[in-house]
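Undergrad: The residues making up each chain are set out below.
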Amino acid sequence: MARYRVSVLVRPRPGVMDPQAEAVGESLGSLGYPGIEVEWVGRTLTMVLDAPDRAAARATADDMCARILVNPNLETHEITVTAAGDGPG
Amino acid sequence: MNAAPPAAVIVFPGSNGDRDLFETFERAGFAPAYHLSSEPLEPGVRVAGLPGGFSYGDYWRAGMLASQAPAVRSLPDLVARDGLVLGICNGFQILVESDLLPGALAGNAPPGFRHRWLEVETTPAAAGPWFSGIAAGTVLRMPMAHGEGRYLHPDGPGAIAGRMPLRYRANPNGSMADAAALLDESGRILGVMPHPERASEPDIGSDDGMALFRSARAWLEGSG
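Residue numbers (the numbering used here), protein chains in the order written: chain A, 4 to 92; chain B, 7 to 230.
Chain A extracted, bound-state conformation (with noise of 0.2 Å):
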């Protein structure tokens, strides 16, 4: 087993309304930053998990993603893995 840093990156599926963004990219406008457009706004998880191998850590982020962490009906995700160091991530 080794352990591994597993980041799950969690955003709105395109095409599905992101008033998030909408309304940052607005606050941002009126700070005086011309021409913002912000694609959208997600969300990030971290965490260390161990596991045999690269695979098997992606594959145990993949089945969480799949039961809990993601609403397929809103939402997509993009899932890193890199070997876990000493220090937080």
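Some hints could be false.
Residues of chain A placed beyond 10 Å of chain B at every Cβ, according to the derived structure [unchecked claim]:
(1) Ser10
(2) Ala26
(3) Glu42
(4) Val51
Label-pair distances were calculated between CB atoms; the ranges are [as the list claims (entries may be wrong)]:
(5) A:Leu34 <-> B:Arg87: 36 to 42 Å
(6) B:Asp105 <-> A:Gly88: 47 to 53 Å
(7) B:Tyr40 <-> A:Thr83: 26 to 32 Å
(8) A:Leu34 <-> B:Trp123: 30 to 36 Å
(9) B:Gly63 <-> A:Arg6: 25 to 31 Å
(10) B:Ile210 <-> A:Gly88: 56 to 62 Å
(11) B:Ser229 <-> A:Leu34: 29 to 35 Å
(12) A:Trp43 <-> B:Asp161: 19 to 25 Å
(13) A:Thr49 <-> B:Tyr40: 35 to 41 Å
(14) B:Trp66 <-> A:Gly32: 26 to 32 Å
Please keep in mind that the hints were generated in silico from the structure rather than gathered at the bench.
In this text, all values refer to a predicted model and were calculated from it rather than measured experimentally.
Ideal Cβ placement from N, Cα and C applies to all residues, glycine included.
Start from chain A and add chain B according to the hints.
TA: Quick look at chain B alone, frame taken from chain A:
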């Protein structure tokens, strides 16, 4: 007269509409009791209510963490016993997150938390335990108070046409097809975004929400 049907008001960490729901069940002739979400429902319960609020602080996605609670996991058993389920606001979000109702509830469009009185109208899909005796086209006045109530179904409005018992007369959140509520296929599980339990006495603005609770009680008494 039949004994008052036992109603469980499921209390999650972060619920804040539990007392409103308890009192409305009581007013409608149920025998309500608070029930901690960490325990499965008892077999004697005839109706379960999932109240409004911010269960688990709405962390990650509203309703997601609460959807895994033992009380929620026991809801299919209640429905299999011909029981009824009502999820209001955050309770509706929990029912969607637990796959007891289809689709998703996304952030309001335009974004923001909105709370005000509004009107919903019953549709031809308003039938079954929660809507018996309420004619299609009936206007009900009740308050809304949510930031994530934009209902979406991946297959479009046609997928919910027969299961959408209430529509907003003026859409406050961008919901598909103006959907304000959704039924499961059996008609026993109802998720509703505005608050019928906060429209339970004329002195506070409306008692239109009582119609749903009275309908449920009559249905339960009729079904034994």
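Undergrad: Work down the list of hints and note, for each, if the structure agrees.
TA: Hint check results:
no., hint, in the structure
1, Ser10, "holds, 15 Å"
2, Ala26, "violated, 5 Å"
3, Glu42, "holds, 16 Å"
4, Val51, "holds, 18 Å"
5, A:Leu34 <-> B:Arg87: 36 to 42 Å, "violated, 57 Å"
6, B:Asp105 <-> A:Gly88: 47 to 53 Å, "violated, 38 Å"
7, B:Tyr40 <-> A:Thr83: 26 to 32 Å, "violated, 43 Å"
8, A:Leu34 <-> B:Trp123: 30 to 36 Å, "holds, 35 Å"
9, B:Gly63 <-> A:Arg6: 25 to 31 Å, "holds, 29 Å"
10, B:Ile210 <-> A:Gly88: 56 to 62 Å, "holds, 58 Å"
11, B:Ser229 <-> A:Leu34: 29 to 35 Å, "violated, 59 Å"
12, A:Trp43 <-> B:Asp161: 19 to 25 Å, "holds, 23 Å"
13, A:Thr49 <-> B:Tyr40: 35 to 41 Å, "holds, 37 Å"
14, B:Trp66 <-> A:Gly32: 26 to 32 Å, "holds, 29 Å"
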